[in-house]
Amino acid sequence: MTFPLICFYLFAAATTLAALAVILVRNPVHAALCLVLTFFSAACTWLLADAEFLAIVLVLVYVGAVMVLFLFVVMMLDVDIDPLREGFIRALPVGLLVAAVMLAEMLALIGVRVMDMPVTPDPAAAAGVSNTTWLASALFSQYLLPFEVAALILTVAIIAAIPLTLRHRTGVRMQNPGKQVLVRPQDRLRIVKMVATKPAATSGEAPTP
Amino acid sequence: MINIAFNPNDLVTVLPELFLLGATCAILLIDLFLKQAQRNLTHVLSLLALAVTAWLVWSGSPAQATSAFNGMFVRDAVGTVLKLFILLTTALVYVYGRLYMRDRKLFVGELYLLLLFATLGMMLLVSAGSLVTVYLGLELLTLSSYALVALNRDSVMSSEAAIKYFVLGALASGLLLYGMSMLYGATGTLDLAQIHAAADFSVGGAHRNLLVFGLVFLVVGIAFKLGAVPFHMWLPDVYQGAPTAITLFIGTASKLAAFGMAWRLLEVAMGGLHAQWTLMLAILAAISLAVGNVVAIAQTNLKRMLAYSTISHVGFVLLGFVNATPAGYASAMFYMICYALMTAVAFGVILLLARAGFEAEEIVDFKGLNQRNPWYAGVMAIAMFSLAGVPPLFGFFAKLMVLKAVIDAGQMWLAIVAIVFAIVGLFYYLNVVKVMYFDEPAEKNALPLPADTGMRWVLSLNGLALIALGIGWGPLLDWCNQALLASSQFAR
Numbered sequence: 001m002t003f004p005l006i007c008f009y010l011f012a013a014a015t016t017l018a019a020l021a022v023i024l025v026r027n028p029v030h031a032a033l034c035l036v037l038t039f040f041s042a043a044c045t046w047l048l049a050d051a052e053f054l055a056i057v058l059v060l061v062y063v064g065a066v067m068v069l070f071l072f073v074v075m076m077l078d079v080d081i082d083p084l085r086e087g088f089i090r091a092l093p094v095g096l097l098v099a100a101v102m103l104a105e106m107l108a109l110i111g112v113r114v115m116d117m118p119v120t121p122d123p124a125a126a127a128g129v130s131n132t133t134w135l136a137s138a139l140f141s142q143y144l145l146p147f148e149v150a151a152l153i154l155t156v157a158i159i160a161a162i163p164l165t166l167r168h169r170t171g172v173r174m175q176n177p178g179k180q181v182l183v184r185p186q187d188r189l190r191i192v193k194m195v196a197t198k199p200a201a202t203s204g205e206a207p208t209p
Numbered sequence: 001m002i003n004i005a006f007n008p009n010d011l012v013t014v015l016p017e018l019f020l021l022g023a024t025c026a027i028l029l030i031d032l033f034l035k036q037a038q039r040n041l042t043h044v045l046s047l048l049a050l051a052v053t054a055w056l057v058w059s060g061s062p063a064q065a066t067s068a069f070n071g072m073f074v075r076d077a078v079g080t081v082l083k084l085f086i087l088l089t090t091a092l093v094y095v096y097g098r099l100y101m102r103d104r105k106l107f108v109g110e111l112y113l114l115l116l117f118a119t120l121g122m123m124l125l126v127s128a129g130s131l132v133t134v135y136l137g138l139e140l141l142t143l144s145s146y147a148l149v150a151l152n153r154d155s156v157m158s159s160e161a162a163i164k165y166f167v168l169g170a171l172a173s174g175l176l177l178y179g180m181s182m183l184y185g186a187t188g189t190l191d192l193a194q195i196h197a198a199a200d201f202s203v204g205g206a207h208r209n210l211l212v213f214g215l216v217f218l219v220v221g222i223a224f225k226l227g228a229v230p231f232h233m234w235l236p237d238v239y240q241g242a243p244t245a246i247t248l249f250i251g252t253a254s255k256l257a258a259f260g261m262a263w264r265l266l267e268v269a270m271g272g273l274h275a276q277w278t279l280m281l282a283i284l285a286a287i288s289l290a291v292g293n294v295v296a297i298a299q300t301n302l303k304r305m306l307a308y309s310t311i312s313h314v315g316f317v318l319l320g321f322v323n324a325t326p327a328g329y330a331s332a333m334f335y336m337i338c339y340a341l342m343t344a345v346a347f348g349v350i351l352l353l354a355r356a357g358f359e360a361e362e363i364v365d366f367k368g369l370n371q372r373n374p375w376y377a378g379v380m381a382i383a384m385f386s387l388a389g390v391p392p393l394f395g396f397f398a399k400l401m402v403l404k405a406v407i408d409a410g411q412m413w414l415a416i417v418a419i420v421f422a423i424v425g426l427f428y429y430l431n432v433v434k435v436m437y438f439d440e441p442a443e444k445n446a447l448p449l450p451a452d453t454g455m456r457w458v459l460s461l462n463g464l465a466l467i468a469l470g471i472g473w474g475p476l477l478d479w480c481n482q483a484l485l486a487s488s489q490f491a492r
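Top to bottom, those sequences are chains A and B.
For the first sequence, our numbering assigns the number 209 to the last residue and increments by one with no breaks.
For the second sequence, our numbering assigns the number 492 to the last residue and increments by one with no breaks.
Among the clues, some could well be false.
[To be verified] Here are the in silico distance ranges between beta carbons for each label pair: (1) V192(A) <-> F33(B): 43 to 49 Å; (2) T16(A) <-> L279(B): 36 to 42 Å; (3) Q489(B) <-> V73(A): 39 to 45 Å; (4) V57(A) <-> N9(B): 31 to 37 Å; (5) L97(A) <-> G272(B): 47 to 53 Å; (6) V57(A) <-> D200(B): 51 to 57 Å; (7) L400(B) <-> A91(A): 23 to 29 Å; (8) N9(B) <-> T16(A): 47 to 53 Å; (9) A65(A) <-> T453(B): 50 to 56 Å.
No lab work stands behind these hints: they were computed from the structure.
Just so it is clear, CB atoms sit at the ideal spot from N, CA and C, and this is done for glycine as well.
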């Protein structure tokens, strides 16, 4: 057993255990942190397979951005965790049954026919470049059209968010930063010249503003 | 070291899609500066963009199928036919739906933009040459559709429909992707034509089990997008909950795109396994025909009834696939085009009757329509007779061609099932006609017609086209046949 293989088994076990912990721990914050560990361990196995770019993206995007956002939301919502757990035991037999059937199916699919899976040669190694270089050149040459279409899908997401969430509320007092910036001293402040030495003629009279 | 090969001819091949994208971006920017009263400009510009795109599709149609971007995109005759009808039905959505959306305060620029992006997605989907393009085109279409269904966000029905559509649609996309990953695992390529060339479909072939497993997932994904039983659960709720103009879109243009996807995946990529998938589709078709036609009888909501009628018509389209030859696919494509045109009329009349605060979506809303407006009652009757398949209307010949294809394939039992349930289906279509002509109207006054004369003309022409195509259906069928023959030769 070589060292990379030992590492793979360790990382794979960590991934699986962390994924189990995500659904088993009681506290949603702990679950989110376990999910971070799952992503991180998965990224490690990808590194072992020489897919370093994908591994780094997984850590940067999922761990760095998505999960942090997720943690923010979980902490801000202050979820009452006990009612969430109520149906767990009742749903457990059905869940186990579904999981068992799925496991059997996957084993039938993968395990039995594992020998005839074609092993496609690593194109990056064949070209003699790093995984990241190969991925970049493939993305912008062979897969240029799908890459651009993916950009369109993101545009659609932005456009779709506007009619679904934008509401013009009436009677809301809002600041207008443009007007605030353009304000001049004479709009806000009036300097009144007064003679300083004039004695008060009568008491009780209001001073001129 | 990085060798980026770029062929300028690729841009010519994708010119219609490029133009539509450019026009969409231009409309996006122009619409920002328009006031609500000037929104008609967006309407006109969108129609213009669709018309120019259609002209580019038609005029630049190559004699031989050409592929672009390393086989990601294929421009062939099947794509041309489907794209022209997709563009036509999207334009009908704009024309029929404008006043309806304005009455409901949904006449916003995003409506036009999302529909244009969805159209672009459909054009990519029916021209896909690779599993990646299939998936991305499909996502562009469905993501826009989810947002369109949810556009009326103050309606509980619409929101519920959108959530159902989104969750089930995401599940179906996941299943489709799972199937695609198996095809990739078995063949090592994403290119549809290369999958067919590389895969060993023979019994006892090296990766046959994996291919069959992948095929099952593909069929499930396709059946979901088409709305075939038992993957039809989303369809009635989405049809009923969505704004009627959007229902029209989902029922016509996106069904044509789903046909294109089914043909690309099943014939171009997995043609060698047709013995397997024709059996799956035959079962799906038989239960779709049964469930669609029987459950439609019980509906009182016209949009819901048309949803179940869609399910039964999808059964007919799948019958065309059972005969896995170009002639069979041509009959299925002919049927899908026919179905899109017929449904457009039916939803067009619903949109014509609808006013602010009144949906005209119950069958009782059509009571005595003949006394209130004989012309549009007649147009609706033509649509219903055509959907039912009464000769000499368009729908009859479409059914005839599909039945011929099934009998040619030697599946007599399927033809008998189809005929029996088509006769069952007569009941609910003719019920609408009966309600329009023989029931007393709830209000006696003449039907208040919308001010949009353009919509009334187009709707009348669309209705008359069902009669005209019923008499002169030959050229359209020939066109479908030639397109499929030419494209099938290329795909091999």
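Here's how the hints hold up against the structure:
1. V192(A) <-> F33(B): 43 to 49 Å: The hint (43 to 49 Å, Cβ to Cβ) holds, given that V192(A) and F33(B) are roughly 46 Å apart.
2. T16(A) <-> L279(B): 36 to 42 Å: holds (38 Å)
3. Q489(B) <-> V73(A): 39 to 45 Å: Because 55 Å falls outside the window, the suggested range is violated.
4. V57(A) <-> N9(B): 31 to 37 Å: Between V57(A) and N9(B), where Cβ atoms are some 33 Å apart, the hint holds.
5. L97(A) <-> G272(B): 47 to 53 Å: violated (36 Å)
6. V57(A) <-> D200(B): 51 to 57 Å: The hinted range 51 to 57 Å is violated for V57(A) and D200(B), with Cβ atoms some 35 Å apart.
7. L400(B) <-> A91(A): 23 to 29 Å: violated (51 Å)
8. N9(B) <-> T16(A): 47 to 53 Å: Because 50 Å falls inside the window, the suggested range holds.
9. A65(A) <-> T453(B): 50 to 56 Å: Because 53 Å falls inside the window, the suggested range holds.
Hint compliance for this structure: hints 3, 5, 6 and 7 are broken, all remaining hints hold.
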